[in-house]
Structure formats: C-alpha cells, structure tokens
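The lines below spell out each chain.
2 protein chains.
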Amino acid sequence: MPAPIISACPVRTRFGVLSIRPFIRFFSHTPVHHLRSTELTPDYLSSLRSNPDRIWTDIHTSASKFGPGRRWGQDPTHTGLTRLTLTDHDKAARDWFVETTKSLHCDVKVDAIGNTFAIRPGLNNDVPATFVGSHLDSQPLGGRFDGVLGVCAGIEMLRVLNDNHIETEGPVGVVNWTNEEGARFPVSMMGSGVWAGAQDLQSIYKLKEVNAGTNGQRRTVKEELERIGYLGNIPASPIEGVRMAGHFELHIEQGPKLDSEKKSVGVVEGVQSYQWYEIRVWGQASHAGATEFKYRADALLFASGIVVKAREMAEKAGVLATVGILRAEPGSVNTTPDSVYMTLDIRHRDNEMVATFAADFQGWLKQAAGREGGITFEMSKTFESRATKFDEVAIACVRDSAGAVTGKHDVPSMTSGAGHDSVNTSKHCPTAMVFVPCRKGVSHHPEEWCEKEHCAVGTDVIVQSVLRFDQWRHKEGHFGGSLDSNG
Amino acid sequence: MPAPIISACPVRTRFGVLSIRPFIRFFSHTPVHHLRSTELTPDYLSSLRSNPDRIWTDIHTSASKFGPGRRWGQDPTHTGLTRLTLTDHDKAARDWFVETTKSLHCDVKVDAIGNTFAIRPGLNNDVPATFVGSHLDSQPLGGRFDGVLGVCAGIEMLRVLNDNHIETEGPVGVVNWTNEEGARFPVSMMGSGVWAGAQDLQSIYKLKEVNAGTNGQRRTVKEELERIGYLGNIPASPIEGVRMAGHFELHIEQGPKLDSEKKSVGVVEGVQSYQWYEIRVWGQASHAGATEFKYRADALLFASGIVVKAREMAEKAGVLATVGILRAEPGSVNTTPDSVYMTLDIRHRDNEMVATFAADFQGWLKQAAGREGGITFEMSKTFESRATKFDEVAIACVRDSAGAVTGKHDVPSMTSGAGHDSVNTSKHCPTAMVFVPCRKGVSHHPEEWCEKEHCAVGTDVIVQSVLRFDQWRHKEGHFGGSLDSNG
Chain R
5 MPAPIISACP
15 VRTRFGVLSI
25 RPFIRFFSHT
35 PVHHLRSTEL
45 TPDYLSSLRS
55 NPDRIWTDIH
65 TSASKFGPGR
75 RWGQDPTHTG
85 LTRLTLTDHD
95 KAARDWFVET
105 TKSLHCDVKV
115 DAIGNTFAIR
125 PGLNNDVPAT
135 FVGSHLDSQP
145 LGGRFDGVLG
155 VCAGIEMLRV
165 LNDNHIETEG
175 PVGVVNWTNE
185 EGARFPVSMM
195 GSGVWAGAQD
205 LQSIYKLKEV
215 NAGTNGQRRT
225 VKEELERIGY
235 LGNIPASPIE
245 GVRMAGHFEL
255 HIEQGPKLDS
265 EKKSVGVVEG
275 VQSYQWYEIR
285 VWGQASHAGA
295 TEFKYRADAL
305 LFASGIVVKA
315 REMAEKAGVL
325 ATVGILRAEP
335 GSVNTTPDSV
345 YMTLDIRHRD
355 NEMVATFAAD
365 FQGWLKQAAG
375 REGGITFEMS
385 KTFESRATKF
395 DEVAIACVRD
405 SAGAVTGKHD
415 VPSMTSGAGH
425 DSVNTSKHCP
435 TAMVFVPCRK
445 GVSHHPEEWC
455 EKEHCAVGTD
465 VIVQSVLRFD
475 QWRHKEGHFG
485 GSLDSNG
Chain Z
5 MPAPIISACP
15 VRTRFGVLSI
25 RPFIRFFSHT
35 PVHHLRSTEL
45 TPDYLSSLRS
55 NPDRIWTDIH
65 TSASKFGPGR
75 RWGQDPTHTG
85 LTRLTLTDHD
95 KAARDWFVET
105 TKSLHCDVKV
115 DAIGNTFAIR
125 PGLNNDVPAT
135 FVGSHLDSQP
145 LGGRFDGVLG
155 VCAGIEMLRV
165 LNDNHIETEG
175 PVGVVNWTNE
185 EGARFPVSMM
195 GSGVWAGAQD
205 LQSIYKLKEV
215 NAGTNGQRRT
225 VKEELERIGY
235 LGNIPASPIE
245 GVRMAGHFEL
255 HIEQGPKLDS
265 EKKSVGVVEG
275 VQSYQWYEIR
285 VWGQASHAGA
295 TEFKYRADAL
305 LFASGIVVKA
315 REMAEKAGVL
325 ATVGILRAEP
335 GSVNTTPDSV
345 YMTLDIRHRD
355 NEMVATFAAD
365 FQGWLKQAAG
375 REGGITFEMS
385 KTFESRATKF
395 DEVAIACVRD
405 SAGAVTGKHD
415 VPSMTSGAGH
425 DSVNTSKHCP
435 TAMVFVPCRK
445 GVSHHPEEWC
455 EKEHCAVGTD
465 VIVQSVLRFD
475 QWRHKEGHFG
485 GSLDSNG
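Just so you know, the protein sequences line up as chains R and Z, in that order.
Each position in the first sequence, counted from 1, maps to that position plus 4 in my numbering.
Each position in the second sequence, counted from 1, maps to that position plus 4 in my numbering.
Since the hints were made in silico from the structure, they are not lab data.
Hints should not be assumed to be uniformly reliable.
Intra- or inter-copy, both count: the list cannot distinguish identical chains.
[As the list claims (entries may be wrong)] Dumping the calculated DSBU-like pairs for lysine-lysine here, alpha-carbon to alpha-carbon at most 30 Å:
no. : residue 1 : residue 2
1   : K385      : K298
2   : K385      : K212
3   : K261      : K298
4   : K320      : K370
5   : K298      : K266
6   : K444      : K370
7   : K313      : K370
8   : K266      : K444
9   : K298      : K444
10  : K370      : K298
11  : K298      : K313
12  : K444      : K320
13  : K456      : K298
14  : K393      : K298
15  : K212      : K431
Everything numeric in this text was worked out from a predicted model, so none of it was measured.
Please put together the full structure from these sequences, using the hints given.
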C-alpha cells in the first residue's frame, strides 16, 4: 500500500501555491491538494515552519524513557542521557524511531551495521533519497541534545511535509547512524564510517566494548547488534545498500561560539581534522611507604606529566589536545602504579598541523621516557578523520534557509570542532550541517542544553534545506551518490 | 584431648640439652624426651634451625593454589598473587591455615573480624600466648611473599618446636590477621586494628569494597565474612577476646635497603607515621574538539598537576607522597573529564612531618583550584597510623636471635616504611619485627621475590625470638597484654 499522502495521480496546479491554501482549508471535505516541492514559491518555502512543541516533546520523551541520565536540576527535563550504543536503552530508542517514522508513512531499512533509514517516498522513487541524519546514542554521561536533536529534526521534517501535503521530487528520509559517539565501542562515527567505506565491516564486527559487562566479558559489536535485533540484512554501503542523494544534519554546536555571540544558528562548512591515540605507560609497582623516590618507576607520575605536557605543547602549537581516558593499575592506595592506559585526542582545521603535533609529541615522549629509569611507553594511532569541506550546493541550501528562517544576512559560517556522521556522508553525497547554540558550549555532559526556540529554528533550517536541495536536484538532474565534494 | 606432644607429666632433665640429642636419636623407640624452653642452653637455642624446604613449599603451594596471580617468568613459581581479602581465594588460604595448624596440634579460634589464631599449648595455659603473626591476603596484583612469609614462618615455628619436642612456658601461636592490605576494603591493617581497638567493629562491618562485584553491588566486610564462613564468635579484642603476650612478625622489607646492602636480615625497631587521603576534583565535561582551552575546566588536567606537584613538594619536604589510585570520569576519548577520584599516601618517621606536609599540600591545592575557573575539590583524611616504636625487650629478643642465626654483630636496625599488623599489636603487647630482603626492593607486584635462604634465615630468627621471649616472660613473670611500649 502506498503511503496515503502520496496520491497515485497527484493534483497539480499552475496557480501560485499560497493562493490555493485558503481554498483547501475552506473546503475541508474536498480531497487534499498535494503540493509539489518544485512548485513551492520562494516565499512559501521560506515561511514553512516546524512545530516547536512536537520537537521538544520528542527530545524529552526520548531522554526520559530511553536511558535517563544523571539528574542535575529540579525540572523533570533536568537529567542527562546515558544511552550507550547497542544497549537495551539504545534498542528502545531505535524501536521508537522505527515506530514513529513508520507511523509517518516511511519505509524503514536496517543495514548490516544497524544504521536505520526511514524513507518517505517522492514522485520519483528510482532515485536516492535526500536524508536528514544524526544519531540516537550518547556518551556515558551525555546530554539529551547531542545527536538526538538531529534525528528529531528529521522526524519533524516528515511531519511538516505531511501536514503541508508536500510531495518531494525524489524521496526524503531520516537516518539514525549506529555508534556515532565511539564511547562504548571505540570508533567514532562508526555506522556512517562502515556505510561510507571508511571502516571495514568485518573488523568493526569484532570490535569489543571498552569496559567489561557485568559478566566480566567484553562483548563485540556484532554480538550486540544481533542481541538487540538491529543486524540488518542489507549491505552497509552507499552503492549496494541505501543510496543517498544528500545529507543534512542539525546538531548542537558543542562549543561556546554561538551561545556567547547570541546567534541562533550557524552554517557549518566543514569539520576539522582529528586523530586519536592510545598511550600505554609501564613502570614498576612498589610499596609507597618503603620505596624511596630514587628507586621508583611510577607509571602514574609519568602519565600525569604527559597530561600536563600535552596541554602545554598544544597551547604553544595552536592545536587542541585532550586526554579523556586515564586508567592506572593496579589501583591501590599504597602502591605506585605500574601501568597506565590513556588516550590523546588531537584536533585542528589543518591535517598537517595535527600530524605535526602528533609527531612532535611522540618525540617529546620518547625523550622524557628515556630520562626516566624503568619507564617504557607505546603510542599508537587508533583513529583518524581528515579535515572535511562540505559541498557548496548543500552549504548554499543551508545558508539560504538559515537566512530565510532568521531573516538575517549575517548567519555565521563555522567549522565543526567535533566529528559528525556528515564527515562520512560528505565522501559520497552533497552534505552540509546546521549548528544551534548549546548553553555555555557545554556538551558530553548531563547539563548540555539547547533552548526550545533554537531547536525549532534549527529544524526549520533543516526542513527548508531539504526542500531547496530537492528543487536543485530536480532542476540540475542530480540523482545521487558518488559526488566527490572533498577533493 | 590434650595435644599429643604435651605429655600430662612432661619428662624433664637437668642434663645439657645438646648432649641428650644423640641419645634420643639412637634410642628411637624410647619415649620422647620433652625439652622445656626455659631449660634450653644458649648454644642449643642459637643452633635451632628451621627447614628451608618446608617453608619454601608452603609459600609456593599457597601461591599456586589460592589466588595465582600474573605470570612474569617461565618457572612454575614465577607468578604473582591475587588474593584480595575475604574472596574465595582468601577463604581457601584460610582453610589451609586452619587445617595445617590443627594438624600441628593447635587450637584454632576465629574472632568477630575473622582474625584466626592457632594456639599451641604451653606448660601454663592460663597465660596469653606469644604469637607469630602476619597476613595471607594480597594486593590486587601482589607478590607471593608479602604477609604470606610471616604466616608460613609461624607455621614452621610450630613444626620446629614439635620436631624438637620443645615445650614453652606459656602457649605460643600463629595469627592470620584479616585484610592487612586494605586493598579491597580500604582500611589497611584492618583486622589487627579492630582487635587493638584502633578501628570500630561496627563501622568496619559496614565498610564496602572499593570496586563493585560482577553483580554491580559493592559488598560489605560483614557480608563477606559471613559468606566465606569466617565471622567468628569470639570478640575481636586483646582483653575480651584472644589475649596476647607478645607478637613477632617476619616480613619482606618491601624496600631496597637490605638487598642493596647484601644483608640477609634486619631488626625492625618501629614503623613510620603515615596518613591516607582521598582527593576528589570536579570540573566540567566538554567536547574535546569543540571547546577551546580557555572555556575548559578539565578535572583530569588539574588532577595530573596534583600528582606532579605532590612528588615535587614531597621531595623538597623530605617525606614520601604517592598517588596510588586515580580514576577519571566519564572516561571518553573526546570528552574532558569532569571528575577525578584519587588517593594520597604520605609517610615519614615523624608524625609532625606528615601532618605538616598534609596541611601544606592542602594549602597549595586550595590556591591552585582558586586559580582555575570551574575547578573545585575536596581532600579528606581516610586513615592514619602514627609512628610506632616497638618494645625494647621484643627488639632485644630479635636482635639476639638475628646475631645468633647470622653469626654477625652488625645486623642493621631499621624503621619500617610500610605499616604492618605489628603496629596494632604493639599498642597492647611487646612487639618486634624481622625484615628479610626482597629483590630490588620490589613489592606489591607479581615479581616480588625473596630468596629461599633469606626466608629460612628470617624464620630461624622468628623461632629463636619466640623462645627467647618465652624465657624472658617466665623469668620476669610477664604474663601478658596491656604493655604500653609506645608512650
């Protein structure tokens, strides 16, 4: 059965679209007149708005039902989100996503890495869909907007199109990418990475969770996909699997720029380069009361020096460097630790700056360890995401939409500090992102917060961007995939 | 039934003891002639030796059967020991201790905190026993000698007395103290501390393990005592429970002094002062890619500065300071940690030096946190053990015995860097300790190692110390407890 809003033989008119709406409303019992996206006037398109209450309800429903996190305030909405990928909470959120998009007349497809695509048919369904996408998984102590807002914006787009009886030329859809965070299974943007070919499916299947479960076992991605029922039967591929005409993503900024400059929205033109490293330090456990300093080889003391030095060197070099994980073993009050596991995250807009810093830091580390008796180390790269520049057409769709929604001509252009699934989609189709402010730039934290009006503004920009892109693709005859926008 | 080696009417002789031994051996079918400790000649006493093979077997049997730890070499004995207190491994070691000492004709008593006392009757059993004691629990990644050697020396003493048919004036015994390490339940010297009144039994019962078990629950001391069947029915008290005439403890040095100076044994005259602190640091989680340094409040960066500064200040002050545990949350590669839990162990021979350093460090911490935006901290004392001076008589027994066993007059006097159960017993009865070298001073580590000959020498000193003390108490009429040797 075709989705009910798409009539087999759509009624079209050459009249100005705005003029027909009172007519439809007045004769409410007459058949619904569908609007074709390519026939929407610029004014009508610019006037399209989402429903802020619906978005707000979706976000808070998601947060309270599927992985409620740490409480930080009195309001029912004042909790974080703890929804590590492929857990029961993640499954519940995925089920909600599937049910909701199906009820909005979408076909839902799950690929081999659990990416879930909800597709609303267009006039021509032989061409790939234009997607709005982001992720429903969270950090261990995350907030309720990171990722979730982008998926909710996609769902709201479906409702806006349905409410306004808009038919798109090609299909449009919403995608929930698997394990964007890389928090439980340590590869970030994992699902989109597999889809895009940046990650090898079989290797990712074997990837183990970073912390052992209650049974002491570290489970794999594949085991958990199977367990929660999201090991899909179609390939994770932009060619053999779900093809994509374009990808638009709404996300909180996760930094303080928009909030401090009182801007409601930003046009994201690219994503900075970053590399992740694991550093292991080995020393010698010894008794804290009986071992003079000169006889010690304290792995934690050395590792602490690494943390301090990384910041110092990064400030000088003008890059960002962060130690997010540090674990010291054996972990006893009166024993000097003999081993430390730690991570290092390095970022800059320029690939070379990241690579140079990593090499310089490794050089310092080698010298420093050489000066210490009994200290050895290993530093190895675990992940890399090169600098990404988004597609000009997709950026233009976002910029035009942001101007139309805000009525302002000075919508800031931005480079994302964080990686997003859009980095991966940009390798295969026109991609761009929309940022909205989050309070004080706080993210990856229960208190992460985005104002209701900003959620709505961002969603409005997304809805209009997709429609402008649909108009463009029809006009230009762009029907999909394999657009290399990154050189 | 009385223990079989103690005849109801012991055969005594005024003959020189050494002269009677060939006679006993020759007429092996004649009744056994028992030797009274107070009638042993100095030469005979000085010639008494333990059996190195038996001690060696006990130590390695214990290590391979009850909590084998991390392997570090090819030999079957080249593994560490992982026997956290009140675990199944600890229960198995305790059961072995009980069976072994019972088979050596001891009465075994378990007190309310699981301390286990094996008592070999003497001629007068109305007086308290002189104990050899230490502990069978280990660090998470500990070695096979720390504590275990001291208990095995006590067991070997029983065998030496039995083999030589020696009757002591008062009873003698061996005690296995509960949770000396403080690694699983974070109070060190816990069992002896409760016995001595330094710790409150009811508070200790409620103490929770530092890491949650496989079911996610953190179990209490009392739950675990009950579970393994070592919640005894006699009070943990030197007055209402098992009284003690004296306490001798053999231990590896856990520092490099004896090993580097090629000494086989040291006389321990006291234990340095130490305090344990918990430090909690709170900052703000933020995205590692999207948050410039000026907007960050990175709890791990601040905590790392604490580790570095503690060492720096301690070196200047001439005290020992060690951060043994550091845990950073939430623990994600691309998120700045928002909280850190860490410990600080401070030691010096002088109580005032420890207290002054702690105050100075807290002062620095307050200033440092004040300089950082968004960083707060708490530093609180969790444990204190004041400097201990052992009893002159007990020290003299050890010194005389060490001289007799080694044939040397320059046996070094030492102050223990580590705390031991002897700190607690010294508050109630004459106490002294014997140190033997461990390779390179390494302890609290799988590779901790004590040579077989040193295990034997230390045990010889312990055996003779107990007998010399038994002679002294009989001569001086010292029959137990409440001796305040520490002022």
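Going down the list of hints, with the structure as the test:
no., hint, in the structure
1, K385 with K298, "between (33 Å within a copy, 27 Å between copies)"
2, K385 with K212, "within (17 Å within a copy, 39 Å between copies)"
3, K261 with K298, "between (48 Å within a copy, 12 Å between copies)"
4, K320 with K370, "both (19 Å within a copy, 27 Å between copies)"
5, K298 with K266, "between (55 Å within a copy, 19 Å between copies)"
6, K444 with K370, "between (38 Å within a copy, 25 Å between copies)"
7, K313 with K370, "both (13 Å within a copy, 22 Å between copies)"
8, K266 with K444, "within (11 Å within a copy, 62 Å between copies)"
9, K298 with K444, "between (45 Å within a copy, 12 Å between copies)"
10, K370 with K298, "both (20 Å within a copy, 29 Å between copies)"
11, K298 with K313, "both (22 Å within a copy, 17 Å between copies)"
12, K444 with K320, "within (25 Å within a copy, 41 Å between copies)"
13, K456 with K298, "between (59 Å within a copy, 27 Å between copies)"
14, K393 with K298, "between (52 Å within a copy, 26 Å between copies)"
15, K212 with K431, "within (27 Å within a copy, 52 Å between copies)"
Checked against the numbered hints given earlier, this structure breaks none of them.
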